[in-house]
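2 protein chains.
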Amino acid sequence: MFKYDTFRKVIVFLMHDAILAHVQNYISLSKEEREAFLAVLTLLEVPKKQRIVEPGSYIQNEYFVVKGCLKGYYLDDNGDKHIIQFAIENWWIGDFDAFYNHVPSKLHVEAIEDATLLAISYDDLERLFLTIPKFERYFRILVTGAFISLRGRILSTLQKSTKERYLEFCRTYPNIEQRVANYDIANYLGVSAESLSRIRRQMVISP
Amino acid sequence: MFKYDTFRKVIVFLMHDAILAHVQNYISLSKEEREAFLAVLTLLEVPKKQRIVEPGSYIQNEYFVVKGCLKGYYLDDNGDKHIIQFAIENWWIGDFDAFYNHVPSKLHVEAIEDATLLAISYDDLERLFLTIPKFERYFRILVTGAFISLRGRILSTLQKSTKERYLEFCRTYPNIEQRVANYDIANYLGVSAESLSRIRRQMVISP
Chain E
-19 MFKYDTFRKV IVFLMHDAIL AHVQNYISLS KEEREAFLAV LTLLEVPKKQ RIVEPGSYIQ
41 NEYFVVKGCL KGYYLDDNGD KHIIQFAIEN WWIGDFDAFY NHVPSKLHVE AIEDATLLAI
101 SYDDLERLFL TIPKFERYFR ILVTGAFISL RGRILSTLQK STKERYLEFC RTYPNIEQRV
161 ANYDIANYLG VSAESLSRIR RQMVISP
Chain S
-19 MFKYDTFRKV IVFLMHDAIL AHVQNYISLS KEEREAFLAV LTLLEVPKKQ RIVEPGSYIQ
41 NEYFVVKGCL KGYYLDDNGD KHIIQFAIEN WWIGDFDAFY NHVPSKLHVE AIEDATLLAI
101 SYDDLERLFL TIPKFERYFR ILVTGAFISL RGRILSTLQK STKERYLEFC RTYPNIEQRV
161 ANYDIANYLG VSAESLSRIR RQMVISP
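Just so you know, the protein sequences line up as chains E and S, in that order. Be aware that the first sequence starts at -19, since it is given in my numbering, and climbs by one per residue. Be aware that the second sequence starts at -19, since it is given in my numbering, and climbs by one per residue.
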């Protein structure tokens, strides 16, 4: 029992370390502020293939990925899947629209690998903005980056070859190509799995 | 001369009133904070068809629309235009990627009507964030809304009929349908001008 507790404490410490390192890339926090922030985070272990967001549900949390890989996707009326986001270490994932606007989610968010997440609830986040306003800056910078990246992805589909878009994808999600199925990457890029396989083979031969 | 000065002061007062009303929907400002904010805004009168952002250029400003209507678009290698944003009263427009990341712009931003804008420079905005941090909140809320709306637009193209997407467009940009050419709205929605005209005619008959 003692050993398990100690082990658990080490794990929690490492996870807290990961998110604090990320936050402190953008804002500096005092010891009290770090503690107040960590106090509102909830640890979540999500096994591979489990979903943390389902369409039609009200979303209480946004999730910071400490370890693992997840995908956010939309199923259309024909049952076709459209992957709109991956999340790896140091990304936030959830359904912003459902989270901020209190409307039912339209998305699925599913773990591709066993994942360790830190969840923050809407109420806790709003309280955090009031008590430690510099978190406004952290999230403003992150969401501005997400907006730029989403708009960039739209421009890329108009402008760039599949190979260029695949390289861009590898830069956005470093090393993810080993962790995600070929057909999921193809789906995200909006190309057939065959085209993507061909491009990946060519790149091995002439990178 | 006296009369012109008075007239000009009234105009500036009304414009400042418009942007303050918008900002104060999200954050409250003291008299000193309002004055500090207004002091970094530059008035800009842009005639119809003039561009305020050109691809390849470095972007110093973001623009708040006091009056008028603008479009942001991308020209692909074939010279085809892709409209990615309109802006009417109380919207901000520019090229976020170029503005925040100091890279050359990829977009054109052009006035569809004579427009009155208030510009803020990158340096002034960063200073504003330092001196009056609540502006972090204002821009965080705006950019979160822009992100949700952009992602919603992507889901809509997967999910909704052209008629539903046109109605959504009219809700996003109230009364804009009288101000923008049919082919520009069709371009934004990614449909042919003929389809859109047919839908608009049907809606007049059976709204």
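There's no promise every hint is true.
Copies of the same chain look alike in the list, so a pair counts if it works inside one copy or between any two.
Unchecked claim - In the PhoX-like style, the derived pairs of lysine-lysine whose C-alpha atoms are separated by at most 25 Å in a straight line are:
#1 Lys143 - Lys47
#2 Lys143 - Lys61
#3 Lys28 - Lys140
#4 Lys28 - Lys47
#5 Lys11 - Lys28
#6 Lys29 - Lys61
#7 Lys86 - Lys143
#8 Lys28 - Lys143
#9 Lys86 - Lys140
#10 Lys28 - Lys114
#11 Lys143 - Lys(-11)
Honestly, the hints are just simulated from the structure, not real lab data.
Verification of the supplied hints:
no., hint, verdict
1, Lys143 - Lys47, "neither (28 Å within a copy, 43 Å between copies)"
2, Lys143 - Lys61, "both (22 Å within a copy, 23 Å between copies)"
3, Lys28 - Lys140, "neither (33 Å within a copy, 31 Å between copies)"
4, Lys28 - Lys47, "within (12 Å within a copy, 52 Å between copies)"
5, Lys11 - Lys28, "neither (35 Å within a copy, 54 Å between copies)"
6, Lys29 - Lys61, "within (15 Å within a copy, 41 Å between copies)"
7, Lys86 - Lys143, "between (30 Å within a copy, 20 Å between copies)"
8, Lys28 - Lys143, "neither (29 Å within a copy, 39 Å between copies)"
9, Lys86 - Lys140, "between (29 Å within a copy, 13 Å between copies)"
10, Lys28 - Lys114, "neither (34 Å within a copy, 40 Å between copies)"
11, Lys143 - Lys(-11), "neither (45 Å within a copy, 55 Å between copies)"
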